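Asker: If you want the building blocks of each chain, they are given just below.
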Amino acid sequence: MNDLWLKVSLSLQTFKTHRLRSFLTALGIIIGVSTVIAILSLIEGLNRSVAEQIQSIGSDLVFLSKSPIVMAGPRNIEEIANRPDLTPEDAEAINQLPSVDVAIPEISQQLTKLKYRDKEVASVRVIGSAENFSKVNNRFVESGRDFTRDDVTHRRALCIIGSYVAKNIFPEGSPVGKELNVRGHRLKIIGVFREKGAFLGQSMDNMLVMPYTFFEKIFPRGESVIERAFFGYSVDIKPKTGQSEKTIDEVRELMRRRHGLSFDKKDDFEIGTQQMLMEIYQNITRVGFIAIVAIAAISLVVGGIGIMNIMLVSVAERTREIGIRKAVGASNQNILSQFLVESVFLALIGGVIGIMFGLILAWLISVVSPLKASVSLWMVILGFGFSAAVGIFFGIYPARRAAGLNPIEALRYE
Amino acid sequence: MKKNLTICRALDICKTYWRGKVAVEALRGVTIEIKTNDYISIMGASGSGKSTLIHILSCLDTPTSGEYYLEDKLVSSYTDLELAKVRNTFFGFVFQSFSLLPRLTATENVALPLIYAAVSKKERVRKARKILEKIGLGDRMNHRPNEMSGGECQRVAIARALVNDPKVIFADEPTGNLDSRTGAEIMDIFDKLVAEGNTVVMVTHDSTVASHASKTVRLRDGMIQNE
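Sequences listed follow chains Y and D, in order.
For the numbering used here, count along the first sequence from 1 and bump the result up by 195.
For the numbering used here, count along the second sequence from 1 and bump the result up by 45.
The set of hints was computed from the structure by calculation and includes no laboratory data.
Only a predicted model underlies this, so the values are computations on that prediction, with no experimental measurement involved.
Using N, Cα and C, we set each Cβ at its ideal position, and we do this for glycine too.
Do not rely on the hints blindly, as some may be mistaken.
Straight-line Cα separation of at most 30 Å, DSSO-like style, residue types lysine-lysine; simulated pairs [claimed, not checked]: (1) Y:211 with D:167; (2) D:66 with D:80; (3) D:179 with D:212; (4) Y:362 with Y:310; (5) D:167 with D:118; (6) D:66 with D:179; (7) D:167 with Y:202; (8) Y:314 with Y:211; (9) D:130 with Y:202; (10) Y:435 with Y:330; (11) Y:202 with D:166; (12) Y:460 with Y:391; (13) Y:441 with Y:330; (14) Y:308 with Y:373; (15) D:166 with Y:211; (16) D:237 with D:179; (17) Y:202 with D:212; (18) Y:202 with D:260; (19) Y:373 with Y:435; (20) Y:373 with Y:330.
DEER-style ranges, computed between Cβ atoms [claimed, not checked]: (21) D:210 with Y:571: 30 to 38 Å; (22) Y:604 with D:166: 29 to 37 Å; (23) D:166 with Y:470: 52 to 60 Å.
A partial selection of chain Y residues facing chain D, derived with a Cβ cut-off under 8 Å [stated by the list, open to error]: (24) 201; (25) 283; (26) 516; (27) 522; (28) 523; (29) 524; (30) 526; (31) 528; (32) 529; (33) 602.
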C-alpha cells in the first residue's frame, strides 16, 4: 500500500513536470469518456421517462389484438387480414375469466379534423369502447359523467372528450351538454377527461371516446386487406392485482377455444403486455446504445494509443533513471509497476475529467432541451473502469520495455 | 566485522559482448576474491575490462562464462528478483558520474535503495539523514543535485551506497569527474570507511587514487597482470 502510494506520488511528479504533455495525452480519454457519460445519461433519462409514461397508461395491462402491436420484420399481411376478427363478445367472455378484473373492447380511428363552429382540432383519435374505459385506462372523468352500461347497449350518441380537445374547441365555458358533429352524426358531450400529458411526444388528450356500438355506425369497416388487418377491435384487459401471468394464459386458452384452433395450430391473435412495450422500446434504444459504445470504444483506443506513445517516450527519456533504480536494487517488477501505475494514473485522470465533463454536458443538454438526463453510479464506475483498462492495456508494453532494460546499458544511455 | 572472510569469489570469469557484428572479449578468464575489509583497486587502461569486471562483481552484469560465488552461493543460479535483492542489500555502488536522480533531493536520493528494501518512509528519512550528517552534508539534505557541487553530489552518491549497510562498496572511477582536491576529499571518505571495517573495491586509472588501496589488481586485455 505504502509502495503503491509512493508510485502514485512519483507519477504525480511526472505530470507536474510535463503538464501540457500529460493533458494532451489524457485528452483522448477525456473525449471518449465524456461522450459516453453524456449520451448514456441521456439515454437513461429517456428510458426512465418512457418507463414512467408506460406505467401511467395503466399498470400491468394486457392487450389482445388481431395484429401484432409492433411489426418487427416482414409479416404476411394477408395472413393477418384473414384471421378471425376480435369482437365485443370476446371482450365479454374474457371479462368472465377468474383472473381478470375488467376487459373492454376498443376500436379506434384517426379523425383528420374535428370542428365545432369556427374552432377545430386536427388528428383526433376517436375511440369506441365500453363503460369501463376509464377504469382500464387509468382515466378520470373530470367534469360531467362516465358511460353506463345502458349508454352502450342502447347505442346512445354520446361522447367523452380529452382535455386537449376541450381546451381547443371550447376555450371558455363547459363543453358538457354541447353537441359535436362527427362524420354527419351528432354526439352529445357528457364528460371531459382529466389531462394525461404526452407519451413519446404525442398528446394523450387529443381524443374522443364513444360507445363502441355507436362507433360501428359511424365508421363501417372497409374491405381492403389493410383495413381488415389493422382496423378492428382489440381488447384491453386489466388483470386482478398480481395475476397478469395467469391472465395471459387464460386469455390464450379461451381465445384458442373460441377460434376453434387445434393444438398444432399457431395463435391467430396477439397478446401483448406493457412489459413488452417497454422491451420493444428498449430494443430500439439498445441499437443506439451499441452504436455509442462502438464510437466510444474507438476514441478510447485512440486515446490509449496516445498514452502508449507518450509512455514509450517517457521510458526512453528516463532510461538512465531506470538504470540507476535497477543499480540500487529495483527489480524488474518494481520498474514494471512504476510505469504501469503511471499510465493507469494518466488514463484515470483522463477518465475522471471525462466523467465530470460528461456530467456537465448531460446537464447542459437537459437544461437547454426537453431531453432529461439521468446519471447512475454504474456509468461513473463504467467510465472509471474503462479508462483504467485502457491505461493497463496500453501501458503494459512500454512498462515491460522499461522493466526489461539491462542496467548497464541503461546507465550508459545519454 | 571479522576479517578475511570471503564474500565474493569469481573464478575464471569471461565476458564477451557484441558491438554490432564484432565480438569484444572484455574479460578473458579473471579470478579474483574479495574478503571482508579488503580495500582493492582495479587498475588498467581504458578497454582493459576493468569496468566490465566491477559490473560483474556487483551483479549489474552477468559473465558469459566462469563461476561467481557470493558467500558460497553460485550467482548464475539467481533469478532476476534475487539479483535485484543482492544489488539492493549486498552491495553499494558509486558511479563516476554520480548517477543521482535529478528531481529528488539529497535525502530522497540517499533513501532510494531503502524503497526497494520495503523500509517505511519514516525509517528511510531517518537513516538517510543520519548518513548525510555523517558524511558532512547535514546542510544539504533538501538540495537537489543541480544545486550542489560535484564533490557534494559524489558524497550523496556514497551515502546512497552506504544506506543499506552493504557488505561491499563498489566504486567506478569515483574521482574521475572531480578536480584533484575534491577527489582527495572523496578518497579520504573511502579510507575512513575501510578503517571502520567496510569493504571497498574501486576501479581507477589514476595511480595516486589506487595507492589508497591496500591491494591493487592490474588488468590488461581482459586478464589480470600481476597481483
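Asker: Which of the numbered hints above does this structure break?
Answerer: The structure conflicts with hints 2, 5, 6, 8, 12, 18, 19, 21, 25, although it agrees with all the remaining ones.
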